[in-house]
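Visitor: With the hints as extra help, turn the sequences into a complete structure.
The lines below spell out each chain.
There are 2 protein chains.
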Amino acid sequence: MRTYKLTVSYDGTRYQGWQKQQSTDNTIQGILEKAIEKTAGYPVEVNGSGRTDAGVHAKGQTVSICLSGKVSETKFQESLNLKLPEDIRILRAELMKNGFHARYSASGKCYEYHIDTKEKQGVFGRRYSFHYPKYLNQTSMKKAAEILTGTHDFGAFTDKKEEKSTRRTIYDIMIAGQGGEVRIEYRGNGFLYHMVRILTGTLLDAGTGKLSMEDIYSALETGRREKAGFTAPAKGLFLKEVYY
Amino acid sequence: MRTYKLTVSYDGTRYQGWQKQQSTDNTIQGILEKAIEKTAGYPVEVNGSGRTDAGVHAKGQTVSICLSGKVSETKFQESLNLKLPEDIRILRAELMKNGFHARYSASGKCYEYHIDTKEKQGVFGRRYSFHYPKYLNQTSMKKAAEILTGTHDFGAFTDKKEEKSTRRTIYDIMIAGQGGEVRIEYRGNGFLYHMVRILTGTLLDAGTGKLSMEDIYSALETGRREKAGFTAPAKGLFLKEVYY
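The listed protein sequences derive, respectively, from chains A and B.
Quick note on full-length UniProt numbering: the first sequence kicks off at 1 and runs consecutively.
Quick note on full-length UniProt numbering: the second sequence kicks off at 1 and runs consecutively.
One or more of the hints may lead you astray.
You can't tell identical chains apart in this list, so a pair holds if it fits in one copy or across any two.
Claimed, not checked - Keeping only pairs whose Cα atoms sit at most 30 Å apart, straight-line, the calculated DSSO-like set for lysine-lysine is: (1) LYS97 - LYS75; (2) LYS120 - LYS83; (3) LYS161 - LYS118; (4) LYS59 - LYS83.
Since the hints were made in silico from the structure, they are not lab data.
Guide: Structural data, given as structure tokens:
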């Protein structure tokens, strides 16, 4: 058996998220496993770097798979792309050392969030950005981002009761705005359930003045969900890269 | 009766073109007329600046309509947008002088064409660009564009037998390329059926070396369709602006 890493891009619009489910065939993991089974000729387990919610997109999700015998990466990738719908694409296939695992070997991730602040939502970005037609004070957003950067207990920044540690490190948050569009990029060693979407809601609330810098300190200190901002919608979110 | 101009943006992907047809309800003109009838309370004829083919998009198509009585432009626009699907949006509604007609009053148009030259087609641009993974010599494309600019008989640059004059003026053609993407912008006083798509195919053939500059002069001189380049697909094309 040899271990391969696949880098995958997908438009999450019409799927019910990453994770395979009993109740539906319409998940990205499920569709990938079927296409890989057809290509390889036997069932193959697909391990993703992590789940993405329904509607979330990926520019660089990664998965690990084990295949028996020798496989040409290029041919395998091409043959797989022919079997996949056009909104799921394999960007790269690479032979890895045995023991590589898309999730457990990952050292960090990068996410991108797109916000459309124009008065009317653009027709072409409607699936790929959150329409939020408000004035955003970018100085306040950047101050809030500075407070959130670093190693903290992010217990207030998840929508799930976590049993394990909610301590994570955010390496940096980059905010760039121009022409009615704001993009936020997050790099960190790991993110909790809904964490990037709640961080985004918190930064937007800082930008409109709904949350003060004190509120953000207080969210980090108390770990209480209601102290942080809202959960921004899935469709503006992209998993950009997984680091190893 | 008062005359209004509406500026409309649409994603042409799931429609059978602009023009109303007996055989289908799925045209942009047809859907606009139904929504306007619901908003106004009586049937209203929608006159577009011109047709767009199935799959072609618009960032600024214009239409003229006549409404009886006084209408608040903002309210009319908002109420209309509530009735329209999210891939058709009214960007502006303006009261015009009587006699204004979206098509006959137009002095020119601007079209944009998007080409994705990356080896693998990007997932997010797949509806909005033509995937053409070839090396394009931009110097040759720009030379060809210079030859095509100006007033010429564009008889070789249409897929329809035209009964009227095929003489048109192209004001300018701008070619910009970066990061695996090429955009071509065309401004002119009017364009024949498929003309922008054939101009694009011709510029791409000049970029790959399939057509020489002599071939392009010869297409203009002979008016023979087979001398010009191929008809580039609809999905890369955007009607950007109509000039008055």
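Visitor: It remains to establish, for every hint, whether it holds in the given structure.
Guide: Going through the hints against the structure:
1. LYS97 - LYS75: within (20 Å within a copy, 63 Å between copies)
2. LYS120 - LYS83: Between copies only: 15 Å across, 38 Å inside.
3. LYS161 - LYS118: Classified as neither: same-chain Cα gap 35 Å, cross-chain 43 Å, threshold 30 Å.
4. LYS59 - LYS83: within (19 Å within a copy, 33 Å between copies)
Violation of the numbered hints given earlier is confined to hint 3; every other hint is satisfied by the structure.
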